[in-house]
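Chains A and B, in that order, are what the protein sequence lines are. Numbering-wise (the working numbering), the first sequence opens with residue 1 and increments by one. Numbering-wise (the working numbering), the second sequence opens with residue 1 and increments by one.
For the record, the hints were derived by calculation from the structure and aren't laboratory data. A hint or two may mislead.
In silico lysine to any residue, SDA-like type, Cα no more than 20 Å apart, as pairs [unchecked claim]: (1) K69/A with Q101/B; (2) K76/B with A16/B; (3) K96/B with Q102/A.
With the C-beta cut set under 7 Å, the calculated list includes, among others, these residues of chain A facing chain B [unchecked claim]: (4) H24; (5) D67; (6) H98; (7) S105.
Only a predicted model underlies this, so the values are computations on that prediction, with no experimental measurement involved. All residues carry an ideal CB built from backbone N, CA and C; glycine is no exception.
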Amino acid sequence: MVQELTSVALTEFATDWYAALDRHDDVDDVLARFIDERLVLNLPEGTFLGEAGFREWYDAVTARFFDEKHTLREVRPISTSATEAEVSVVVNWQFTMHDGHQAASAWGGFDAYQTWTVVGGKNGPRMTVYTADKLDPMPGSASI
Amino acid sequence: MVQELTAATISDFAVAWYQALDRHDDIKDVFTMLVDDGLVMNFPEGTSEGHTGFREWYDAVTTRFFDEVHTVREVKPISLSPKEAELSVVVNWQAKMHEGQTAKSSWLGFDAYQTWTVVAGPNGPQIKVYTVDKLDPMPGSASL
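Whenever a hint applies, use it, and build me the whole structure from the sequences.
Put into C-alpha cells, the structure is as follows:
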C-alpha cells in the first residue's frame, strides 16, 4: 500500500535524507531508500539525471566534503496530493573541505533553500525533483 | 659564503623546516633546505633520494595531511663541526586527514624520533640525510 504523503511523513523523509548525507551512507543504500528512478537534480554545479546522475554527483560531494552537519530548518508542503507533494525545504549545511595541496582545511556554512518534488511509494516517499534555489553563505564560510 | 654550523643555527633550522612543512610551502622553497646530490631520506613508507625523490614524497603528504602542527621537542647534536652535524631530533606531529569518501576526517598525533645529517650550505644549513627512526602514536591517533 502506498503511504500517504503527510506533513509528518515528509518531515521524517527530509530528516532521514540529511542524516544519510551526513553519514556518507553507501550510494546504493541512498538510492534504494530515497531516490525515484526519474530523479532530476538541479544544482548549482549542473543538472544530474536518474540513478547514473545521482551516483556521479554523490561520488563527487562525498569525496570533497566531510565532517558534514545538516540542520533542517523548515519542511513546508507547497502542494500535496495522494501521490505527489511539492515541498519547500530550508536546511543549514556546515562542513569541512580540503582541496589539493592546501595546508589548512576550510570550513563552509550555508543556508540552503530548496524545492523538492516527492512521490509516494510502497516503501515510503521518494525524491523525483530536487532543486537548489539559493545558497546563502554564513559569515566566514569558504566558497564552493 | 658558507655559514658555519652551530648548535643555535641547527636548532633554528629544525624549527624553520617544520614551519615550512606545516605551511605546505612551495616545493622550490623547501628545496633550498635540502642538498640535491646525495640527499637520502628514510621515511616509514620508503626511501627517497635527491630532490626528485623528495618531490614525490612531498606531493603525497601535502595532499594527504592538512591542519598540520609540528612542535620541536629536542634538537641534540650527536656530532658537530662547522661543516657537518649529526642531530637527534624529536618532534610532535599532529595533523588531520580525510580519505576517499569517508564521512569524517581523522586526527593523527605522533612523537617522531629522527636522526639528521646536516651540512653547511650557502644560505644556511641543508639536510643531507633524514631518517625517521621511530613514530610513537599518541592516544586516540588514527593509523598512518
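Enumerated hints in conflict with the structure, sorted upward: Violated hints: none at all, because every hint is consistent with the structure.
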